[in-house]
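*Asks:* Go ahead and model the full structure; you've got the sequences and the hints to work with.
Chains as they are written, first to last, in this note's numbering: chain H, 27 to 285; chain D, 36 to 324.
For the record, the hints were derived by calculation from the structure and aren't laboratory data. Quick reminder that beta carbons are idealized off the backbone N, C-alpha and C, glycines included. Please note: incorrect hints may appear among the correct ones.
Said to hold, decoys possible - A few chain H residues facing chain D, derived, Cβ under 7 Å: (1) M76; (2) L90; (3) L98; (4) K105; (5) T116; (6) G120; (7) G169.
Stated by the list, open to error - Computed spacing ranges between beta-carbons, pair by pair: (8) K42(H) to Q248(D): 34 to 40 Å; (9) K137(H) to M323(D): 14 to 20 Å; (10) Q147(H) to M323(D): 20 to 26 Å; (11) K185(D) to V39(H): 35 to 41 Å; (12) D242(D) to E270(H): 48 to 54 Å.
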Amino acid sequence: MSTLKITDLHVSVENKMILKGINLEVKTSEIHALMGPNGNGKSTLLSAIMGHPKYKIEKGSIYLDDINILDLSVDERSKAGLFLGMQYPTEVSGVTNADFLRAAMNAHSDKPISLFKFIKQLDSEVEKLKMKPDLAHRYLNEGFSGGEKKRNEMLHMNLLKPKFALLDEIDSGLDVDALQIVSDAINEMRSDKFGAIIVSHYERLFDLVKPTHVHILVDGKIVKSGGYELVKKIDNEGYDWIREELHIDLKEEVGNYDK
Amino acid sequence: MISNNYNILVNNDVVETKLQYHKTKDGIIFNIENDCNLNISHQFGPKVIINFNKNVKCFINSIYEVPAVEPIIDLNIEQNCHIDEFISFDDQLIDLKINRNVNVKDNAQYECSVASFNDCNIDYKIKIDLIGENASAIHNVACLNKDNYKKQFDVEIINNAINTSGVLNNFGVVKNSATLIFNGIGNIIKGARKSQAHQESKIITFDENVVAQANPYLIIDEADVEASHAAAVGQMDEEQLYYLQSRGISVDEASLLITYGYLKPILNKIKNDKLKNKLEKIIEDKVMI
Ligand SMILES: Nc1ncnc2c1ncn2[C@@H]1O[C@H](COP(=O)(O)OP(=O)(O)OP(=O)(O)O)[C@@H](O)[C@H]1O
Ligand SMILES: [Mg+2]
Chain H
27 MSTLKITDLH VSVENKMILK GINLEVKTSE IHALMGPNGN GKSTLLSAIM GHPKYKIEKG
87 SIYLDDINIL DLSVDERSKA GLFLGMQYPT EVSGVTNADF LRAAMNAHSD KPISLFKFIK
147 QLDSEVEKLK MKPDLAHRYL NEGFSGGEKK RNEMLHMNLL KPKFALLDEI DSGLDVDALQ
207 IVSDAINEMR SDKFGAIIVS HYERLFDLVK PTHVHILVDG KIVKSGGYEL VKKIDNEGYD
267 WIREELHIDL KEEVGNYDK
Chain D
36 MISNNYNILV NNDVVETKLQ YHKTKDGIIF NIENDCNLNI SHQFGPKVII NFNKNVKCFI
96 NSIYEVPAVE PIIDLNIEQN CHIDEFISFD DQLIDLKINR NVNVKDNAQY ECSVASFNDC
156 NIDYKIKIDL IGENASAIHN VACLNKDNYK KQFDVEIINN AINTSGVLNN FGVVKNSATL
216 IFNGIGNIIK GARKSQAHQE SKIITFDENV VAQANPYLII DEADVEASHA AAVGQMDEEQ
276 LYYLQSRGIS VDEASLLITY GYLKPILNKI KNDKLKNKLE KIIEDKVMI
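*Replies:* Written out as structure tokens, the structure reads:
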């Protein structure tokens, strides 16, 4: 069993403090849903865990078991068992998805994977995700539709088999069938060797991938944690009740970001 | 398939070849009368002039080897010839100044691909004169430059006759504090109606300390022509590097993948398959280590 432990995390972007003291502990076998209004720091949290160079850690710590993640480079974090499925996956022209995946899988293991074994695994995952087979051989995300990009992120996750997946709005842009396929893929990963933080705005995803924990992030802090009932409540009532319950001026916060 | 293969090695006064040649005050002259493959190792010394007789088809593999210093070569390509040339450089080279002149006559074609991946200073100048009707030339440069080295490619194509076509592509990647300069010069002379001059030069830079320039010069003296140029110097996209790294690829390997991905599309500009394969292999060998 592994634990991802975030303590008092403060993160700034371009001198603006975005995360203002996040505390979160995720164990393998758990799925944590992370919800919250637009622009309040959900992607920032996932990016900071992965080590995006733009996000500056001002205070706090992130540990994966006894490894101080903040000491590691981005690729080392991946090799330590973290995976970030991005909200906006980057296009890389000239590098085919398959070549890249093979390089990534090789980076994750001590001895290189044979071409035969790789192709077999790739084909089987591509089929499971019902992706068009040519997507594996096209340039990385280039010209992929929104939904195709998201499925491709899942393909990467399934092949790299992380301990902890950080999935950022993996359901956005997916049609109903694709949502089912992606949910199945996540559920299939669920085991005592896999945990996840899943960001989404919608109940539909958490209906299919049942979270063990639910957190609401507002203005850089987790203001409320609970179980699946929180997902239901947000789906029915939005976030206004949080403001009343916790006396946070959410409106003003959201209004600022809308500008 | 061409089955005749000849080697030409020129090093100062030493000329090693099975081909006939004359030494003149202008240089060493070869006359190529039949279809063949030529391997040219041009190291040093006098100017080399290669005349291709009418209708000849030839694949030239040119390698600049140590101690190449300032080799000069002229190719005179007669009517209806079809000449393809691949130019590469020996790893031991440090400093090289190249001067090439190519004359292309009626209905003849010249296609050249240059692969410059080794660590050295290069000052490469080529002037391609399209001097007969329907003459055409394609010149491609794929280049990686790093450390402190300086590479400059001046590629000039002159449309002197009616319905001639000149295309040049320069794709480059610069790292560390290296210098890379592409000067693309297209010149359409008055009267060269229906001619075409197209060029594309692009460079990506990996570091702030590099010097990178892609300069297009188009001088057009005739109205009835088609011409275009695109030149761009851009920075490597940090988001790409981050994305690749986030899947476990080290910074170094990620930057190689990006370099590879950036240079590879030049292969689509190459018509001759053998040229394409040779360049692809060199990009793979030199970039993907
Ligand atoms: N690279 C950046 N440069 C400048 N500002 C940034 C950057 N990344 C995030 N921010 C700002 O940080 C705040 C939090 O952004 P973040 O993307 O984490 O929100 P989010 O909760 O994921 O929102 P959404 O639900 O819309 O995806 C926003 O105000 C955003 O504009
Ligand atoms: Mg977000």
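*Asks:* Now, for every hint given, state plainly whether the structure supports it.
*Replies:* Cross-check of the supplied hints:
1. A distance limit of 7 Å between C-beta atoms decides the matter here; for M76(H) the minimum to chain D is near 6 Å, and the interface restraint holds.
2. The criterion of a C-beta within 7 Å of any C-beta in chain D is not met by L90(H), whose closest approach is roughly 14 Å, and the hint is violated.
3. With a least beta-carbon distance of about 11 Å to chain D, the hint placing L98(H) at the interface is violated under the 7 Å criterion.
4. At its closest, the beta carbon of K105(H) sits 5 Å from a beta carbon of chain D; the interface hint therefore holds under the 7 Å criterion.
5. At a threshold of 7 Å, the smallest CB-CB gap from T116(H) to chain D is about 4 Å, leaving the interface hint in force.
6. At about 2 Å, the closest approach between the beta carbon of G120(H) and any beta carbon in chain D falls short of 7 Å, and the interface hint on this residue holds.
7. This hint is violated: G169(H) has a C-beta 14 Å from the nearest C-beta of chain D, more than the 7 Å allowed.
8. Checked against the hint of 34 to 40 Å, the C-beta distance between K42(H) and Q248(D) comes to roughly 36 Å, which is consistent with it.
9. At roughly 19 Å, the beta carbons of K137(H) and M323(D) sit within the given window of 14 to 20 Å.
10. The hint said 20 to 26 Å for the Cβ distance between Q147(H) and M323(D), and at roughly 22 Å that hint holds.
11. K185(D) and V39(H) have their C-beta atoms about 38 Å apart, which keeps the hinted 35 to 41 Å range intact.
12. A hinted range of 48 to 54 Å for the beta carbons of D242(D) and E270(H) is consistent with their spacing of about 53 Å.
Violated hints, in rising order: 2, 3 and 7; the structure is consistent with all others.
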